[in-house]
Amino acid sequence: MTDSKTTPAEFLKEEARRMQRRLVAHIPERSADLCAAPMEVASTIYTDPARFEAERKLFRSVVQIACLSNEIQHPGDCVVFDAAGPSIIVTRNNRGEAQAFLNMCPHRGSRLLSDSGNNESIFCPFHGWRFNLDGQLLRRSRADAFESEQEPERSLIPVPVAEWHGLIFIRATPSSGAIDVDAFLGDMAPIVRGLELEHVFPVKTPIKVTVNTNWKLNLDTFCEGYHVPTVHKPSFGGSVVPYVTIQDLYGIHGRYIGPATELKELVDVPESEWPEPTYSATQILFPNASLTLTDAIDKNTPMLTLFRLFPGEHIGQSLCLMTSYVHSTASHVSQSELEALTDMLMQAVIDEDYGNACNTWQGLQHGASDEIRFVFGRNEAVLQNYHRALASELGMPID
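At position 171 of the sequence shown the residue is numbered 171 (this note's numbering), and the sequence of numbers has no breaks.
Since the hints were made in silico from the structure, they are not lab data.
Heads up, some of the hints might be wrong.
Listed next, the in silico DSS-like pairs over lysine-lysine satisfying Cα-Cα at most 27 Å (straight line) [said to hold, decoys possible]:
1) K233 with K208
2) K57 with K208
3) K13 with K57
4) K13 with K264
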């Protein structure tokens, strides 16, 4: 945990040095952090319809990231978040507070907003009811037709929301209790706080991609660095030392990183002569988020990328939401350059990560069984931890 006198930025700077030491120590032997044992899972965890339906249901009850604070920077800014099941409006009211509501009119259930944007109020396109940014009914046509001594208040239906150090968390079920982000993140909280997400801004509007594979096969590729030298050889695989990773577990969350090739130059050099490190890592936030800070795309520009994976409409479909962000201090990089880096990364993920996941799914559709078992290695501790956490939340075994 951070010391009360240590700022988030100072903590992350110290963390970067600790991670740098661990990475450099692994480089001479091309070794990696290893957990106690490999873990086997039944291949049917990806193909079982009952498990898939339980996973979809889980997304309606678990705490998850809806957006970043600066995506609803001004009063009236609205993000329509559809991926978790029910459509949700995340907005900022005139007092600067984050709010979240079901994207459904309490009159007859019509969808209120189709797209993200800025709205002074929220208007129902079906019968013209209008609500303020706190979800309260402002006016409706023929109000006399609804007058009754027993009529309840017709406000928008709120869902739990919490704004925490630049992140907006929601739970997609109304009346499901307040969100305690510190408790949810646990020991991962100081790391995420150190990213100073309050000061990052989206490079472009979120990219939404539908992929023909089970959602967990896509997510698996974000939970380990073992695949990078082979799968990402056409793109950025050459920027890291092959098969060297450090990994850390934080309850249901995890983190890993491999050393950039430049770190090879620090082997046998006294630490007092090392350059100042910059923090770089992939944070896996349960149940579906990969939050990566790295300059590996062009070896120059630190970018933050947020990938969120969701179950699709059927077991062989996955939905990916991807957004890239840049720190407000990165004024030396043009908008066009940032967008080009984002497009380059997204294309690599689609072609390489998701391409491999789709190939795996094609085989699993015809060959999965409880007797065919997959293995997650000792160098894939974050992946092991993720599947154990998911199985625990579902109450369904993985072996």
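Tested hints:
1. K233 with K208: Roughly 25 Å separates the two Cα atoms, so the pair holds.
2. K57 with K208: 21 Å, holds
3. K13 with K57: Roughly 39 Å separates the two Cα atoms, so the pair is violated.
4. K13 with K264: 20 Å, holds
Checked against the numbered hints given earlier, this structure breaks only hint 3.
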